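Peer 1: Next come the chains, spelled out residue by residue.
2 protein chains.
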Amino acid sequence: MRLSRYFLPALRETPSEAQIVSHQLMLRAGMIKQNGAGIYTWLPLGLRVLQKIEAIVREEQERAGAVELLMPTIQQAELWRESGRYEAYGKEMLRIVDRHEREMLFGPTNEELITDVFRSFVKSYKQLPLNLYHIQWKFRDEIRPRFGVMRGREFLMKDAYSFDLTPDAARQAYYRMFCAYLNTFSRMGLKAVPMRADTGPIGGDLSHEFIILADTGESAVFCDRELVDMAPPGLDLDFQSDLKPEFDRRTALYAATEEMHDPARFEREVPEERRLAARGIEVGHIFYFGTKYSAPMKAHVTGPDGKDAPVEMGSYGVGVSRLAAAIIEASHDERGIIWPAAVAPFSAAVVSLRPDDASVSTVCESVYGALLKAGVDVLYDDTPERPGAKFSTLELAGIPTLVVVGPKGVKAGVVEVRDRATGAVVEMSAEAAIQKLVGTIGG
Amino acid sequence: MRLSRYFLPALRETPSEAQIVSHQLMLRAGMIKQNGAGIYTWLPLGLRVLQKIEAIVREEQERAGAVELLMPTIQQAELWRESGRYEAYGKEMLRIVDRHEREMLFGPTNEELITDVFRSFVKSYKQLPLNLYHIQWKFRDEIRPRFGVMRGREFLMKDAYSFDLTPDAARQAYYRMFCAYLNTFSRMGLKAVPMRADTGPIGGDLSHEFIILADTGESAVFCDRELVDMAPPGLDLDFQSDLKPEFDRRTALYAATEEMHDPARFEREVPEERRLAARGIEVGHIFYFGTKYSAPMKAHVTGPDGKDAPVEMGSYGVGVSRLAAAIIEASHDERGIIWPAAVAPFSAAVVSLRPDDASVSTVCESVYGALLKAGVDVLYDDTPERPGAKFSTLELAGIPTLVVVGPKGVKAGVVEVRDRATGAVVEMSAEAAIQKLVGTIGG
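These protein sequence lines are chains P and C, in that order. My numbering numbers the first residue of the first sequence as 56 and each following residue consecutively. My numbering numbers the first residue of the second sequence as 56 and each following residue consecutively.
No lab work stands behind these hints, which were simulated from the structure alone. No false leads were mixed into what you were given.
Which copy is meant is left open, so a pair is good if it fits within one copy or across any two.
In silico lysine-lysine, BS3-like type, Cα no more than 30 angstroms apart, as pairs:
(1) Lys445 x Lys362
(2) Lys428 x Lys107
(3) Lys178 x Lys88
(4) Lys445 x Lys466
(5) Lys88 x Lys353
(6) Lys88 x Lys146
(7) Lys491 x Lys428
Please read all numbers here as calculations on a predicted model, not as lab measurements.
The following block holds chain P by itself, in its conformation from the complex:
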């Protein structure tokens, strides 16, 4: 993408309404623009990050055997009356009346709707197990939306719903999502710790939140340090196998959010040097709630014994839009965002220090063309901005690698390769720079 034809409206100053660093940096880097309380436009740079996060979530859901569909944003109130949640959900539900005076709502979550889809089509245990997910915009009418997309009202969520015949099978479905989540967050460069959690308005017997540690986190968390550095299950995990050992290994150690924290148990079970009291950001939340929705909504399946029973269910959420902010909270410095490679809006940028110098432009075009051809997501800063302003913007935006081309270097047959995370600057030939980038991040 040529920057001269792109739309990257970076701001010079930090907007005063932004209290946390991710919100400040997303506004400054031209990733988002507010359109109302807790409602945002994702500007081109922000959308690229959102789409990369979404793609990773999708790949790991598919790997774990979940099947994608897409439910609408607008739901009928009557479905929520069947589960008993229509009145119970409270003011966070955005209620809507259409031109025919029918009661509707903007979905804050989808247990009722997916249960309705399920019961319309599935009648036999032979069609199980089934895990259906979608990635769709939700709305929760928070009383005080704040912190940018971290706690917005309109937000993008991946929510999956599992359906099984027995509680044991449902627990395996839960373990599959548990493992898939660890892999998902790890691929985004995050260390997410699963913590036993309260089930809240979703309900159920078993629930874990996936928490990223960050000083600016919204909630206090307590865990065994060993959990923080435990490796994820890995992309070669066999999701058809029994995943209880993977789950047990990660839940044997102490980890709890504030609501579930038991200080006496914490001190008893965790050696002092391993006790971690920190702040965290919730990026995923999974629930096993059995027949809480299937029983009242009569989503029954026939078992091998010929008997009907309500299906066993769980639900599994990832805050896709929130992740963009959470990653920034976990990875930035005083100059701006430091994107992990997998979610960077562009993997690299070619920076022309003198767009009016034909020899510089020739080198830029050849590096840019070669990177594009190799499938590298590359931005080409071909604008007449001053070099200092260019570097500030690209560092603010967190582009992992810059290939800087100037007249002196061109004469000497070199370009500069700058690494955003380490600050390292290395001179090499344009060909070597291309090879280096294609080797590291090429498609």
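Position chain C against the provided structure of chain P, taking the given hints into account.
Peer 2: Leaving out everything else, chain C in the frame of chain P:
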């Protein structure tokens, strides 16, 4: 994808509520499920088609120089008061009040919101031309939603908005989208005819609808037959060049929707044997409306002369979800859907006639594995259904090519390759089938 782990709830009978063939086939093939009047869940098979349509639209927008962002579904009423459309839009606008009694709405279109984004960041002609687009769910509270996703209330639309300094530059932006649309629809296997159209509630001076001809089309259209078979501009079109000749060549011939039809002119300008009176489905609509929104909303830019003026705008819509139905209207037979290759939910299916026969399964697995590895989007029907039922479902769903593996064929060293569109059945070795499929449709 193994069908045994997939979710493809095909129906045996045609649902009585569906009046048009695309609606019937989408329900029967398990592509969509209704969740309320004009509101649908896209089941896995339907979503795959939607995503393929979306990807083609996105690629052609990018090729034409448009830049993607993503605006929210919920908008503030106050913006629509600035343009004067809040009251004028009428009952099709879904109006919402939040917990703080703020007036909001579910966006039926985005002229106001994008103008607000634009005026926040762009002040100078140096940042022009600019074309920003998004692909987002919209809501129009139709009084009588019908025909499935053809005229739904919640629908997916691509809408682009162009910003230019002068009317001449804005017309070039219009021509770019005009050409991009012809390429877009052509890639989906459609013949879309641009027709001079009424501007309706969007307003403006110049407008074209892109119409697919189909007997079940909602509106009468009149055009010169030559237009129907005119080749699209092509993917190698230089979008930086003057596109007026491309536009003129396609608008010199008579083409009009019912509202704009002039029978006298039609007979005068078109020789009798080329006069086509038909029915059509609108799949795209483009508008040039100058300063209709930028003037009242004060979206001004400074020109090279240092003077401020409201920016010249156009907007460009593609009905992404409607296209799924429109393609079916244009391409089906008595057995079901015939997907053009580019939008087929799966490019091919491997069909096991005897999943309980080890030799059959070995061949199926090897063909399936080789196709997956080559990047072919392939479904593997490994279920114990009867062959007849399998063929009905896969033909109904319109999978372009089936590779059929049965015990007799395995003994003779052959598989059957069936072509959905032509009905041709050819026997060949498994290796030849793989080569044929990878050669035609491989990634």
